[in-house]
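Taken in order, these protein sequences are the chains called A and B.
So for the first sequence, the numbering used here puts the first residue at 166; every next one is plus one.
So for the second sequence, the numbering used here puts the first residue at 118; every next one is plus one.
It is worth saying that the hints were derived from the structure and are not from the lab.
All values reported here derive from a predicted model rather than from experimental measurement.
Glycine is no exception: its CB is placed at the ideal position from the N, C-alpha and C atoms.
Incorrect hints may have been included.
Here are the simulated distance ranges between beta carbons [what the hints assert, rightly or not]: (1) A:PHE194 to B:PRO563: 34 to 44 angstroms; (2) A:LEU193 to B:ASP405: 32 to 42 angstroms; (3) B:PRO261 to A:LYS384: 28 to 38 angstroms; (4) B:PHE295 to A:PHE212: 14 to 24 angstroms; (5) A:LEU380 to B:SER174: 29 to 39 angstroms; (6) B:ASP149 to A:LEU201: 32 to 42 angstroms; (7) B:THR525 to A:ASN260: 32 to 42 angstroms; (8) B:THR525 to A:LEU380: 51 to 61 angstroms; (9) B:LEU291 to A:LYS384: 25 to 35 angstroms; (10) A:LEU201 to B:LEU291: 10 to 20 angstroms; (11) B:GLY247 to A:LYS283: 53 to 63 angstroms.
If you want a taste of the chain B side facing chain A, the calculated C-beta under 8 angstroms gives, among others [what the hints assert, rightly or not]: (12) GLN265; (13) TRP269; (14) ARG273.
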Amino acid sequence: MGRLFLVISSTKVTKMSEPSDQKLSNYLFPRWTNKLPAYFAIGGILFFCFIIFVFWYWLSPKNTDIGYAPKQPIPYSHKLHAGELGIDCRYCHINVERAAAATVPPTEICMNCHKIIKTDSPYIQKLKKSYDENKPMQWIKVHKLPDYVYFDHSRHVNSGVACVTCHGRIDQMAVVHQVQPLSMSWCLDCHRHPEKNLRPKSLITKMDWSTPDPLSLGKELRQANHINPREDCSTCHR
Amino acid sequence: MQNESTVQRPHLITPGINFKEVSDIVCKPVEDKTPKWWFIAFTGAVSLLLLLLSMLSYLIWEGVGVWGLNNPVAWGFDIVNFVFWVGIGHAGTLISAILFLFKQKWRMSINRFAEAMTIFAVICALVFPGIHVGRAWLDFYLFPIPNQMAMWPNFRSPLLWDVFAVSTYFSVSLLFWFVGLIPDLAVIRDRAKTKTKKMVYGIFALGWRGANRHWQNYEKAYLLLAALATPLVLSVHSIVSFDFAVSQLPGWHTTIFPPYFVAGAIFSGFAMVVTLMVLARELFGLKDLITLHHLECMNRIILATGTMVGYAYAMEFFTAWYSGNQYEAFAFVNRAFGPYAWAYWIMISCNVISPQLFWSKRIRTSIPLMFIISIFVNIGMWFERFVITVTSLHADFLPSSWAYYSPTWVDLCTLAGSFGLFFTLFLLFLKFLPMIAISEVKGVMPEANPHHGEAH
Chain A
166 MGRLFLVISS TKVTKMSEPS DQKLSNYLFP RWTNKLPAYF AIGGILFFCF IIFVFWYWLS
226 PKNTDIGYAP KQPIPYSHKL HAGELGIDCR YCHINVERAA AATVPPTEIC MNCHKIIKTD
286 SPYIQKLKKS YDENKPMQWI KVHKLPDYVY FDHSRHVNSG VACVTCHGRI DQMAVVHQVQ
346 PLSMSWCLDC HRHPEKNLRP KSLITKMDWS TPDPLSLGKE LRQANHINPR EDCSTCHR
Chain B
118 MQNESTVQRP HLITPGINFK EVSDIVCKPV EDKTPKWWFI AFTGAVSLLL LLLSMLSYLI
178 WEGVGVWGLN NPVAWGFDIV NFVFWVGIGH AGTLISAILF LFKQKWRMSI NRFAEAMTIF
238 AVICALVFPG IHVGRAWLDF YLFPIPNQMA MWPNFRSPLL WDVFAVSTYF SVSLLFWFVG
298 LIPDLAVIRD RAKTKTKKMV YGIFALGWRG ANRHWQNYEK AYLLLAALAT PLVLSVHSIV
358 SFDFAVSQLP GWHTTIFPPY FVAGAIFSGF AMVVTLMVLA RELFGLKDLI TLHHLECMNR
418 IILATGTMVG YAYAMEFFTA WYSGNQYEAF AFVNRAFGPY AWAYWIMISC NVISPQLFWS
478 KRIRTSIPLM FIISIFVNIG MWFERFVITV TSLHADFLPS SWAYYSPTWV DLCTLAGSFG
538 LFFTLFLLFL KFLPMIAISE VKGVMPEANP HHGEAH
């Protein structure tokens, strides 16, 4: 097949054999193009890493959801109520131990106190209006899960997973924002190693609780309470 | 090679043409004023391409409900079209790689053409897996990319193997095609009159000067790529067949599927090459380079693979009977005599009966007849995929869930549109690239033999 050389250049042989450099330069690429393959190789690797970064981080809830802090109709402060005043989470989120939804409190619960406290504040007057007209406040949900995910608060809380584990230090937040990604891998991480996040059931609402060796306590609790979270698809996607 | 003087082989191209004339003939469509028919054909192809794009947008906007899929038949036109186009894309690599390794010199005139067709057919095929998933924005699930769900695709599923098989096939075919093009791009560059043309072809010719070292590297690269592409010819359609065969559905779950699919793919690919080649050699005056001998060789392969496909159809029925499995037996009786019997008999007449006419040399060498038969084979092979996909699904184990599948207008327009994509790319290829491998054709001419012209 080497004789093809003669073939292809048969019409060119005379021109090619001319000693003129000018002719040859028609065929040659500039010298800097010698570096192009290396640039393409490096660029290709960087592009590959970039694609992985896009899917692994940039499109994940770690990037899209953490820090979500919508403006509420009334600037209710968890920092004041749960932190400084020390009201237990379950005083307002009444169903957290009994049902799938923790329950956003109805206006009636607010009015238990605010019938007499700070009644002259314009915000409380807004609250009272909702109470008088029997129209619920339009609170905006912060911690959202996709509608194809089944999640039950009671199952988790009764197993000894604390509020703070998923929601963060709500007692220090003037405006509630999302702290954890609530992504599938984040859920699975705990379902695979629940002992990292277990505590005695009586302490689930204690935001600042800590113990010197949480892991061995978690292992003990897991054994004692038979905490064996499942990982199959239908556990969460029913 | 040494025996060429003693054994007279048929001329691969019309005798009496010299090297310069070969270059002239092949470069003419690239250099001359574009003929009027090209613009008419291109307008038609682009309109169909726009139809495809609007159907895809409608699908993504509205959801897969716009297709005719129903509960038992969850694979319809999307998968049928995918397998059809991947199958067509088999002729190119077979001609480039396998016939090259077997030193079949008649491939030289048709390989460029067939390889281009392969690449465009695979592009058409690649549209369908991306859209059949329903939520096209989640297509990244097809690839093993680390993600927030901590989930990988199912590595035990042939659907994932398919992603790798088809994309490997596409990249190797593209590389093979491009490497083969380099010397010819240099020819066009050297003949180019305008500066832009010189520049653009010059870039893609990669500084080719026809030097001895260039040819040595080129030959080595070509041989290596041929060796690399050869197993792919067999693997791609085997894995496409696993999409069906690995499931447990009667009519799909058979071990004969991989060889049967590969034979069918080559069959359909060659038929498509003949269809397009007959038109192109007529319209571009390539009859001296693509002779009747080339077309006859192609038709022989169509006859051989068509007979294999016919054997496979018969063997499926034999297996269904011999297995004694009532579900398997029902699936095949239902295929031939059930509600989709019309599709089955279209398939049989186009794929089994029509290529048998090629036993006659008169039909094998008649341009109009081979054109018609090749079209029949294209139709038949589309229906083969329809029959396999739909008849097996529409009546499976549970009679209460049986249902008849019929396509909607969106299905039909998407199929028509995929032809638009194919022909748009193909017409651009005819216009801008040498459709015959100039250097390879010159290499098989008698003048290329160093002993040519010597006294015996």
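Tell me, in ascending order, the numbers of any earlier hints that this structure violates.
-> Violated hints (numbers, rising): 5, 7, 9, 13, 14; every other hint is consistent with the structure.
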